[in-house]
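Protein chains: 8
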Amino acid sequence: MNPTPEKNAPQIGIIMGSQSDLKVMDAASDILEQLGIPFEITIVSAHRTPHRMFEYAENARKKGLKVIIAGAGGAAHLPGMVAALTTLPVIGVPVKSSNSIDGWDSILSILQMPNGVPVATVALNGAGNAGLLAAQILGTTNAVIADALEKYRTIQREKVMRSVEQLHRGDIDVD
Amino acid sequence: MNPTPEKNAPQIGIIMGSQSDLKVMDAASDILEQLGIPFEITIVSAHRTPHRMFEYAENARKKGLKVIIAGAGGAAHLPGMVAALTTLPVIGVPVKSSNSIDGWDSILSILQMPNGVPVATVALNGAGNAGLLAAQILGTTNAVIADALEKYRTIQREKVMRSVEQLHRGDIDVD
Amino acid sequence: MNPTPEKNAPQIGIIMGSQSDLKVMDAASDILEQLGIPFEITIVSAHRTPHRMFEYAENARKKGLKVIIAGAGGAAHLPGMVAALTTLPVIGVPVKSSNSIDGWDSILSILQMPNGVPVATVALNGAGNAGLLAAQILGTTNAVIADALEKYRTIQREKVMRSVEQLHRGDIDVD
Amino acid sequence: MNPTPEKNAPQIGIIMGSQSDLKVMDAASDILEQLGIPFEITIVSAHRTPHRMFEYAENARKKGLKVIIAGAGGAAHLPGMVAALTTLPVIGVPVKSSNSIDGWDSILSILQMPNGVPVATVALNGAGNAGLLAAQILGTTNAVIADALEKYRTIQREKVMRSVEQLHRGDIDVD
Amino acid sequence: MNPTPEKNAPQIGIIMGSQSDLKVMDAASDILEQLGIPFEITIVSAHRTPHRMFEYAENARKKGLKVIIAGAGGAAHLPGMVAALTTLPVIGVPVKSSNSIDGWDSILSILQMPNGVPVATVALNGAGNAGLLAAQILGTTNAVIADALEKYRTIQREKVMRSVEQLHRGDIDVD
Amino acid sequence: MNPTPEKNAPQIGIIMGSQSDLKVMDAASDILEQLGIPFEITIVSAHRTPHRMFEYAENARKKGLKVIIAGAGGAAHLPGMVAALTTLPVIGVPVKSSNSIDGWDSILSILQMPNGVPVATVALNGAGNAGLLAAQILGTTNAVIADALEKYRTIQREKVMRSVEQLHRGDIDVD
Amino acid sequence: MNPTPEKNAPQIGIIMGSQSDLKVMDAASDILEQLGIPFEITIVSAHRTPHRMFEYAENARKKGLKVIIAGAGGAAHLPGMVAALTTLPVIGVPVKSSNSIDGWDSILSILQMPNGVPVATVALNGAGNAGLLAAQILGTTNAVIADALEKYRTIQREKVMRSVEQLHRGDIDVD
Amino acid sequence: MNPTPEKNAPQIGIIMGSQSDLKVMDAASDILEQLGIPFEITIVSAHRTPHRMFEYAENARKKGLKVIIAGAGGAAHLPGMVAALTTLPVIGVPVKSSNSIDGWDSILSILQMPNGVPVATVALNGAGNAGLLAAQILGTTNAVIADALEKYRTIQREKVMRSVEQLHRGDIDVD
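Chains as they are written, first to last, in the numbering used here: chain A, 1 to 175; chain B, 176 to 350; chain C, 351 to 525; chain D, 526 to 700; chain E, 701 to 875; chain F, 876 to 1050; chain G, 1051 to 1225; chain H, 1226 to 1400.
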């Protein structure tokens, strides 16, 4: 079901501020793998490796990336700074990291970008949705991905319907 | 500077929950006009016209839209419900409307979507950035739009530099 | 003590956005069972099964439901969307689900409905109170239920008085 | 269009903690007047007239009221205390009064009722919706009111559609 | 060290909304015991035993109480309602109970009382400080209690100084 | 109606962190004047006059004060520091000053005192209630003040009843 | 009173994200002028001029700056990114700009820096305090500045004492 | 690598309000030890040892301290009061202590200092960054410390790069 059989070059770049964000951000790679979209994943710290961040963001379009998914927690500057250095769409994932105040800092420092430099922010720890959103962006011009997304929706719907049946049969154990 | 001279069919749909959101959402149409991207704009209320919302969302891809920008305030269900009814990317604009608690309800009810149905949320009242993000999405495969976005960035940068010069000359009146 | 001996058709519909909400929402069915009020319970996801939600809400009155109790968490659109699709009273239960920010998103996206489409919101995870409120609504015209509710109050009061006695006797172990 | 032509006894009691709440709470009486539902309106302060509150709540069902709408701001105890003293449904309207912290105190002290004593809370300053919710409760057994509510929805929908037309004609002045 | 040797009638009344508040409120009785001030302790629920609350508050001064300490959580109406029914000073203890949103509801519904009916609010779960404050109130006219409070302060200060010495000796194990 | 005719020495000390707090704190002196309780009022800044604060707090009991009312805004340290330097009851008034974030900083930095040093906190800008609370504290042993407080309550109640009559006569203009 | 008469090279760099921040940030230059400390002031936007920010931060120490004061609002990345690019102390001023949610985003995105890259954050809109803090940093090794700061404190204290006298004379008009 | 080989007198004073803060504040001493900067560490409680706090703050400059790091939680007055009593730079560490409401009280009561008395606030529990900031302040005039800080940055950067390599090799276990 690989929607881009001719080239395996990554189309999505997944970056995160710290190794500890990986357990959240892994949901983005999972979904892209499920959808057969080639991606790359690495660690880019806005504060500890600022030059690396500059290079990553400024080279992203040249090397063929179409969307960047950036996750960070606390005073999370990675998504917004990358967005300032490229005109590719940047999806920000606020991570509820150990140094975050219940996620509020992560959300606000990613979401509240000034005019001129948007970040497409998803829910707290919503890396899976970031992966889906990246796929939806590719799906605006790639019919194979668009189809894969429709199928994914169908699977979700069917999963709900199976829960419905279980509940009606009394097969769900609440405790 | 129209990047899609051959067809004038709208590529972006801008919708909002209420006529009163127009003064915020107009910034999205402004930016798309500046970038020469054809769009349509209308009012779709999740709560007062739910069937209209269903039809709008389900027909969006068929009629050629590539991205939907949806703005709403308070318990803002429009962006998330539209996102549930299409696999096009949906950009949510939390509006600080008169019935909103300083915008917190608008932000949280748009941003905090469950797994499987992302909304690309921008800053509170950030309709201009929603327009730019929509353009960036088109720009992933449309070089003319990508170029227009680079130019827009240059203009922003030059504007800052003019402020710098004014400040250094002592030409800015603080009060 | 069944207040509607002649018909066992459900008068209350309990719905929730996800199977994982069941452990919270079960308190609503418990209270209705205690009060002898027939109800139905199922899963209806606003975002994963939007058509099912439409049908459920639009058929609710026809099939004899008098009140709908809807629980959801995060960007919780189910109660408000159902309320937009029926003129039956809809009671919203904000669920502190795993993807919620301490329940604030659940509360605000259920409570802050725009003019014209009310949702009767109860406390965070307050499904038991949703069940009682539904009974109180039936009790406005059903004397048997009204009596059952008075008895329930008496039982609550007596429970407090037993705690009082235990405390005065020194029978409560604090730790 | 009076749905209860045979009796003019008030079916809804609207109470508020202070005269200054009247400018918010008046929206509840407006909607009930529009729907032709007889109501009474008065001031009952939980903190300055606690005995009056007790009497009001305890006599409400006897004198024929079916629903109580109670609005208050700050540490808003009126809705919850009235709910403790009657088994009629109580609708709470959090008022953003001058002594409130942006409405958060009003909302939380009305919404977060303990198990056993529900308050049907509506949006901050949402007195109009409180009136509609009261009508919906009556409408569960009163077909005339149920019809009036459907008509009210139609009018709302048509109002949106007129805005749509105005916007498409370019007749809306944003500034 | 009993400051009121001639009479053992309780001078402070400690009440709480629920048996589950006892593990927090017990710190108030502890401190009063340490200071040798006679008190009574019981459960009074604003919502489940409203008449009991009325009687308790209205009889408090007559039966010799000088200060009431009232603890409650969630939509915590007990301290404010008691304060409305007596002119004795009422100290409110916001309890972070299981049905509270991180204590914010408890704090705001106790603290934000309207003009005319004050509640002396202490920190979240601050029942020990409520006990001290009650003692300080008695200490305004009772020199024995005033002295006991000075001694308590000295003990606190000495405890800090012992920590200082331990830290300087390297005797504190951080982990 | 002066409850302490024999001595006019101030019994209550009202202090505030800045001259700009006076427009809020004046409500405390108003109420004490109404109740005929002698008080003193001055400015004591924790941060700009720390030695003055030390002297004020440490001399308060000696010079005959029974209660201190302290108002401050932002990082409001005055009430808590004064409470650390005297065992008199200290009533804290969180002021919504121009450098405060909607009053949240004022409230939390006054309310959340550590174990051992209570501050009796009243509502945001609740200086009038601080005055009443101070009177209630005196009223625990002074029957004249206790009577004056009962009369004050009666006046409040009668004021509400006059509003009730006005509303029933239709004499209140909402707009 | 210039503490560094021999060289007029700026020792403090004041930067801000936007021209609109100038009306807040000007308080920093005011205080440095009062204290006779040479400084430079300019606009550096993290998002619109990221390369300028890199150059500014990386050259700061070389060109003789000792402290950088950086103000920004909303998703305020300037202070933290500058701090990532220099080991000079960076003082962050959260600005309550028009695109900020009551300043919460500005505060959290400046304050909540990860381990390894501190920003010395001052109060919302606290640019004057940022100027003082910069002077205090210079004053750790510059006795002239240390003296100037002591004098500044004396002036503040005297200002409070004049308010005290005015209040005691009854010369302050509250309204 | 001791930057001040000639004298071992402490240059940084680390203080905290309570022994229980030590497990957070220890990160400050760790970093100063790593950087070879002599410091002292002790417990100073604003509320339980106010005189000790006064003496500590007023003697700090005389005894050779250059920077004070002060950590406290809840209504955290220590950093601000110390800052009021010295013109040395004071770095405030908001501690998420057991009596704190998720750290919000700690942050706001340290950060929101009034004009004239700054506190350099770092992130919640950010004692390590407080140590670094203190070193940066010394590093403005001490080249050895400035070099040590650059080396520390290099080590941080290299640590990120090692994570990058691990991730690329697939050596990071997410779960």
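These are calculated hints, taken from the structure and not from any lab test.
Take the hints with a grain of salt, since some may be wrong.
Computed footprint of chain E on chain F; a stretch qualifies when at least three of its residues, placed anywhere within it, have a C-beta under 8 Å from a C-beta of chain E [to be verified]: (1) 889-901; (2) 910-924; (3) 946-955; (4) 959-966; (5) 1008-1022.
Computed from a predicted model, the values in this text were never measured in an experiment.
Virtual Cβ for every residue (Gly too), placed ideally from N, Cα, C.
Each hint, compared with the structure:
no.	hint	in the structure
1	889-901	violated (count 0)
2	910-924	violated (count 0)
3	946-955	violated (count 0)
4	959-966	holds (count 4)
5	1008-1022	holds (count 8)
Consistency note: the structure conflicts with the earlier hints numbered 1, 2, 3.
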